[in-house]
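Q: Chain by chain, the residues run as shown.
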Amino acid sequence: MAADAENLSTLQLQFARFRRNRLAIASVWVLVLIVLACFLGPYLFPFTGEDADFDYISAPIDFSSPHLFGTDDYGRDLLVRTLEGGRVSLTIGFLGALVAGGIGVLYGAVAGFTGGRTDSLMMRLVEILYGFPYVILVILLSLLFGGGNIALFAAIVFTLWLTPAVIVRSQAEGLARREFVEAARAGGMTSTGIVLRHIVPNCFSVVIVYGSLLVPEVILSESFLSFLGIGIKEPQASWGNLIQTGTSAMDTDLRLLLLPGAFLVAVLLCLNFIADGLRDAFDPNDR
Amino acid sequence: MPSTPMTADPLLSVRDLRVTFRLPQGEVRAVDGVDFDLRKGEVLGIVGESGSGKSQILFALMGLLAGNGGASGKAMLGGRNLLALSPRQLDQVRGSEMSIVFQDPMTALNPYMRVGDQLAEGLIAHHGLSRDAAWKEAVAMLDRVRIPDPAARAQAYPHQFSGGMRQRVMIAMALLMKPAILLADEPTTALDVTIQAQVLDLIAELARETGTAVILVTHDLGVVARACDRVLVLYGGQVMEEAAIDTLFDHPRHPYTQGLLKAMPRMEGEESPRLGTIPGAPSARRGPGCPFAPRCDRKIVICDRESPPLLLEDDRRIACHVEAADAVA
Amino acid sequence: MLRFIGKRLWDGGLTLAALVTLTFFVMRLAPGGPFSKSRKISPEVLANIQKTYHLDEPIWMQFARYVKGLATFDLGPSTRFRDYSVGDMIASGLPWSVTIGIWAILVATLVGIALGVAGAMRRNSATDYAAGIVGVVGVAVPIFVIGPLMQVIFALRLGWVPVGGIAEGWRALILPVLVLALPNIAYISRLTRSSMIETLRENYVRTARAKGIGEGRVVRGHALKGTLLPVIAYLGPATAAIITGSILIETIFALPGIGRHFVDAALNRDYPLVMGITLLYGALLILLNIVTDLIRAWIDPRLRNGR
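Residue numbers (this note's numbering), protein chains in the order written: chain W, 1 to 287; chain H, 1 to 329; chain F, 1 to 307.
To be clear, the hints were calculated from the coordinates, so they are not data collected in a lab. Any given hint could be a false lead.
Label pairs and their calculated CB-CB ranges [what the hints assert, rightly or not]:
no. : chain 1 : residue 1 : chain 2 : residue 2 : range
1   : W       : GLN236    : F       : GLU198    : 45 to 53 Å
2   : W       : ALA37     : F       : THR99     : 36 to 44 Å
3   : H       : GLU27     : W       : ARG177    : 53 to 61 Å
These stretches of chain F come out as covered by chain H in the derived footprint (C-beta under 8 Å, 3 or more residues) [to be verified]:
no. : region
4   : 149-158
5   : 178-192
6   : 290-302
All C-beta atoms, glycine included, are put in the ideal place defined by N, C-alpha and C.
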């Protein structure tokens, strides 16, 4: 069997495996569709999500009217608001995961590679931060940074970098002892160089597997903070606060809750399936 | 058709045993038509390389094949075909009439359970003993396998024992119920060389005491020489040769057996500059002919076309076209 | 054994100390003090307030004063509810949160393990797929979407349970507990299932089977302990997740627990209350982690006597 496989790099083999997972691929397509809808969709309409249309207050779903899915009680189009909310949630989600992942990877790589007391100290800090109930930490941090949107972003990132750091650190620790590191050092590479050019790239598959779960985590965090009123605030839309508005009207009008809810659930489901697919493809020991 | 005669009242009689595994890439035959008899009190060795299917024979008998494996054929013990029994029915045989010692003592024992409990379990389940009575017997057995301070050690956990001692515990566990048959799957492979001989001797000695027959699976001819009465040589899931131990070692006739013996480093005998090797490697692909044909240096045309029948000659069985032809000639 | 507990308590104490310090300084440094939101106050009244709440003292003294208060369980007054101390607020909300939390953990653990075991023992059966769906839904659909939906279906349309509030006693807790437990049911069932499948493949389970003691005894006496170890390890994070979730649940179902107080306090910059609840949660989690570690060491003898 070894004779059959051509010289495919490990990466190519892993991606091929991912592509065979139909659920994951379907999820990628659905996700792409939603992303396009959220970022480009609003341009298809003559109004924005903040424009109040006094002719149509609390209008129901009516595909013949200019407001396809109706409006809220301020007369703002629900669909456009949902799509715009999606922009916010998705941007924060992907960007946040990237930043949190980036910080975590660097922190973990440095800690694992350096070892010794620095490593112990760095990991102690992580342990202590881990001991904080997550939501408390996010809320505290968001207060600390002033409570605005930047604060929200910073707070979420600050709580989520921990897990990637722990994972990358144990990978890095294992890698640091391997011979190619010795070789690089003998060749005159600085520690920084080694960390950046050898350690980090080799953690790739681990980062992909666990990092892909970061995106739904960030989106979930932002959503529930916005739901509570601590995150994105009115009149700016985010799926979280749209759902919150929806709950206060749910005894009479479900669609205010269902439309943003459906989008949020769809995105989270897709992300979860994709993450599962990545895990199966990149880490065949699992399962 | 293989002509295996009925030995006078064998304890265990295996005919046409086949073990197949269902893999995504197709079916793999690990055991491909194996026959043998086991007499009361004898030690039968099954020798083969990795992948020869030898361990699967034991697992098939005990109903311990992996989920994607299936066994067919007959394995008659006490009038019942073990291969046709349901797991429930097998449970009455396993652990009481027939027990097994596995290869890796590190993982074969439950790390969360005290050793004494693991020993006593069988007695409680099969013989209905009380916990105290079972423990007493367990401690006595630990003593027989020469574990020092057995009463205290019975309270300990597996990770507190060394590899050799753990294997002794496994042996104790297997022989505690005084089974008629003991199956041993490479019992010494995972142990230090210095301990191997001790453990082998222990198995042989205790088996003799209790009158238990043993099937000892191994890849190591040295083990076979030390402990067995008769040997079965397995290749590619089929029996190549079977004979009493002295007969096999003094006069091996099958090309594979000859190759194996040539590859064994010897202390006595003429000096030869190199250890013999058998060229090639075992392969999973099975053509129509003799499984050893691709690597055989004495093969003739028919070897690649037809599977050789297992023939009885004097006191040995051998499956080889070349030998059969010589014998006729 | 005592050394084990002692060491964990010491570590926990350190974490708590870090928590106190961090929270305190975060509070003090955060923009927007407790009184800057109110309408304009005259300078004298402001000075008076500063004096009463010791806000005019150097920050180190305030910290020392706070720590001293902690020793006597005095968490200070709530700056928003002038008549109540933080201790009072916590005391009023705690019973609700604790009740819901404990029930949620119980339900999540029992149902989760049951589903996981059922799925593992009957792989690819209808049971397994049903459990799998619960697994996916519970993990991907957020509490604040399921909660209101459940309210609509079971409270508004069917009228089986009240929509919220505590007026109807224990019946009002059914829905909150179920919704709170759901994500954990999902996760625990997935965890149990994969753990059991792996454990059943272990060599020592094969040995147990080889002894002919019967499949029931094999699963109960041998496979179960190995299966449950990762689940127990998860109980710590599970409780943290339930604490997080309870904040949402209390908001959605209008229950006066400390989660709700926490959110209100955060929104209103009631720093002493925020701090008090933070410390409470922190201490709770530390205690819980110690307990789960103890349980794990009790099950797995290899974990005793140091790492």
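Q: Hint by hint, say whether it matches the structure.
A: Do the hints match the structure? See the list:
Taking the beta carbon of each, W/GLN236 and F/GLU198 are about 47 Å apart, inside 45 to 53 Å as hinted. Between W/ALA37 and F/THR99 the C-beta distance comes to about 43 Å, which sits within the given range of 36 to 44 Å. Take H/GLU27 and W/ARG177: their Cβ atoms lie about 43 Å apart, and the range 53 to 61 Å is violated. Residue count for the region 149-158 of chain F with a Cβ under 8 Å from a Cβ of chain H: 0. That is fewer than the three needed, and the coverage hint is violated.
Check on the region 178-192 of chain F: 0 of its residues sit with their Cβ under 8 Å from a Cβ of chain H, so the three-residue criterion for coverage is violated. Given as covered by chain H, the region 290-302 of chain F passes the check, having 4 residues with a CB less than 8 Å from a CB of that chain where 3 are the minimum.
Of the hints listed earlier, those the structure fails to meet are numbers 3, 4, 5, in rising order.
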